[in-house]
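Each chain is listed here by its residues.
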Amino acid sequence: MKSDKKNSILTTQNLSIGYSSFEVAHDLNLTAQKGKLISIIGKNGSGKSTLIRTLTRIQDPLKGSIILGHKNINHYKQNRLAREFALVLTEKLPENLLTVSELIAMGRQTYTNWLDKLTETDKEKIDFALEMMQVRPLLNKKFIELSDGQQQRVLIAKAIAQDTPLIYLDEPTAHLDVHHRMETFLLLKELTQKYDKTILMATHEIGLSVQMADELWLVHNKAVLVGSPEQLIADNSLATIFNSDLIRFNPKTSTFEFR
Amino acid sequence: MLNISLGSVRIPVSEVIDGLLGQDLSKETWKHILFNYRIPKSITAIIAGTGLSLSGLLMQTLFRNPMAGPSVLGITSGAGLGVALLIMGAGVFGGFAIDGLNLNISIIIAATLGAFVVLLAILFLSYRIKNTLSILIIGLMLGALTTSIVSILAYFSKAEELQQYMFWGFGSLGHLSKNELLLLSSIVLVGMLSIVPLLKPLNSLLLGENYAQNMGVNIKRLKNIVLIITGIITGIITAFVGPIAFIGLAVPHIARLVFNTSNHKILVPSVVILGAIVLLICDSIAQLPLSEKVIPINAVTSLFGAPLVIWLLIRNKNYRF
Chain A
76 MKSDKKNSIL TTQNLSIGYS SFEVAHDLNL TAQKGKLISI IGKNGSGKST LIRTLTRIQD
136 PLKGSIILGH KNINHYKQNR LAREFALVLT EKLPENLLTV SELIAMGRQT YTNWLDKLTE
196 TDKEKIDFAL EMMQVRPLLN KKFIELSDGQ QQRVLIAKAI AQDTPLIYLD EPTAHLDVHH
256 RMETFLLLKE LTQKYDKTIL MATHEIGLSV QMADELWLVH NKAVLVGSPE QLIADNSLAT
316 IFNSDLIRFN PKTSTFEFR
Chain B
1116 MLNISLGSVR IPVSEVIDGL LGQDLSKETW KHILFNYRIP KSITAIIAGT GLSLSGLLMQ
1176 TLFRNPMAGP SVLGITSGAG LGVALLIMGA GVFGGFAIDG LNLNISIIIA ATLGAFVVLL
1236 AILFLSYRIK NTLSILIIGL MLGALTTSIV SILAYFSKAE ELQQYMFWGF GSLGHLSKNE
1296 LLLLSSIVLV GMLSIVPLLK PLNSLLLGEN YAQNMGVNIK RLKNIVLIIT GIITGIITAF
1356 VGPIAFIGLA VPHIARLVFN TSNHKILVPS VVILGAIVLL ICDSIAQLPL SEKVIPINAV
1416 TSLFGAPLVI WLLIRNKNYR F
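Those sequence lines, one after another, are chains A and B.
Residue numbering for the first sequence follows our numbering, beginning at 76 and increasing consecutively.
Residue numbering for the second sequence follows our numbering, beginning at 1116 and increasing consecutively.
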């Protein structure tokens, strides 16, 4: 993909991801531009999560390197890396008695002093996140008592409070109803357009991604196909990946239907 | 106060207060008992109670396991092995006999050595292992290993030696000299103070290791620091007062249940205070008020602590660890 070097926030060089026993994808040369909403799409088990786990340094790459900003991701100290990207995972949180306000405040931990005292700036960033995700009424509740959808929104609010140029989300709409699913996409879009954040999310929402995302990364056959939704529909990539004897992609409605 | 006043010789509470305020007591022997036995014993109880409870809290958070306590790493058993080798090993392998005066100090040294050998083994192994839960299992295995060595030693040793070892195993708060107490308190205090900067990363750890990393926590370093601090605190307390069971496991749960929070900024101070109070109460009960007998502290901690935790759990049905 052609890329304007100045505007790229993340690049991978000959990146191979996976586990020692098997490779999930290899020789990835990907670039994410500033201010873009990027959907990572692929079948179950295609390697979407592995890609995100590798890009966020949870898992080591098999080969190649990841450049974040202008520096190799391995050269960041953990506390500095926390200021470069925020993370929302699909995994359930371990059960605990934390309140929503304690949890969202944790998004600021990389900036706070050793006693974790919140400054005015921290409070402003938290306020912004609360408004954005509309979770202020939940502040004094225990996180564990919330519904799955509310928990998801609180975790996204925590990531927004972290105030990083890059946000990774792994299936952020998995537990949400249709209203909150569309609303989340809208909010993420707003974050990229208004606040110049870069968002990379693994998702199964193909229809919404086609409508909203600036770019799709299709994970398929140990490779990643990159392009705008229009391109990938036009050259039949989306259809090829998901079509089966059961379903086919309808480019006009950008949805799948039964054959 | 009450704890100080109770004992095989009963000193009225008012006299205890007078004594603490520096006034003369109506009996000279009371003053002697007060300053040489009762007060050091109470301080030992406070130190041991807070230290063990804090270690328990750290272990439970690090391993995200409600069953974890200071004893799970096998450090307590390590101390036990040290003492067993000293007391019973002498008989089994032949060699030197220790006279009564030096026995106390020898036991402390042996227990400390035992605890540290296990701690070093755990640190060495954890360095080679990424998975935190594996460390927990290794700790349990090391504990089982050392316990079985102790049983083998016990099988081959003389009755008196076995009895001596059993007495150490009952736990005792009351035999420390002033210097020993000073050493114990300063080590435990330093350990406790070094927990303060850990409050923030410990809170992050509540969300799991992946999220904690994304909040800027260096997991590997945190893990090592927590292992070293708890290892030292547990090892040194066990060496001085014996393996006091249950406190380290139960007090963090009591604190969470009472204050209904997982936040370490609240939990750590409350565990410190509750740990001290619980062990003081246990010690007071162990004195068997109104009688001249004293029962082992270890029997009391579980006997009264277990029903307390069960009762709290029944009352608070929404308890999340």
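Honestly, the hints are just simulated from the structure, not real lab data.
Just so you know, even glycine gets a beta-carbon here, dropped at the ideal spot from N, CA and C.
Be careful, since some hints might not be right.
One side only, chain A facing chain B, incomplete, derived with CB under 7 angstroms [as the list claims (entries may be wrong)]:
id: 1; residue: N171
id: 2; residue: L173
id: 3; residue: W189
id: 4; residue: L193
DSS-like mimics (lysine-lysine), calculated; alpha carbons at most 30 angstroms apart, straight line [stated by the list, open to error]:
id: 5; chain 1: B; residue 1: K1293; chain 2: A; residue 2: K146
id: 6; chain 1: A; residue 1: K109; chain 2: A; residue 2: K152
id: 7; chain 1: A; residue 1: K111; chain 2: A; residue 2: K269
id: 8; chain 1: A; residue 1: K217; chain 2: B; residue 2: K1338
id: 9; chain 1: A; residue 1: K217; chain 2: B; residue 2: K1335
Pairwise CB distance ranges (calculated) [to be verified]:
id: 10; chain 1: B; residue 1: Y1152; chain 2: A; residue 2: H150; range: 58 to 66 angstroms
id: 11; chain 1: A; residue 1: K192; chain 2: B; residue 2: M1182; range: 54 to 62 angstroms
id: 12; chain 1: B; residue 1: K1245; chain 2: A; residue 2: K138; range: 46 to 54 angstroms
id: 13; chain 1: B; residue 1: L1427; chain 2: A; residue 2: T315; range: 29 to 37 angstroms
id: 14; chain 1: A; residue 1: A298; chain 2: B; residue 2: A1421; range: 36 to 44 angstroms
Against the structure, the hints:
| no. | hint | result |
| --- | --- | --- |
| 1 | N171 | 4 angstroms, holds |
| 2 | L173 | 5 angstroms, holds |
| 3 | W189 | 5 angstroms, holds |
| 4 | L193 | 12 angstroms, violated |
| 5 | K1293/B x K146/A | 57 angstroms, violated |
| 6 | K109/A x K152/A | 22 angstroms, holds |
| 7 | K111/A x K269/A | 11 angstroms, holds |
| 8 | K217/A x K1338/B | 27 angstroms, holds |
| 9 | K217/A x K1335/B | 29 angstroms, holds |
| 10 | Y1152/B x H150/A: 58 to 66 angstroms | 60 angstroms, holds |
| 11 | K192/A x M1182/B: 54 to 62 angstroms | 33 angstroms, violated |
| 12 | K1245/B x K138/A: 46 to 54 angstroms | 20 angstroms, violated |
| 13 | L1427/B x T315/A: 29 to 37 angstroms | 60 angstroms, violated |
| 14 | A298/A x A1421/B: 36 to 44 angstroms | 59 angstroms, violated |
The structure shown violates the earlier hints numbered 4, 5, 11, 12, 13, 14.
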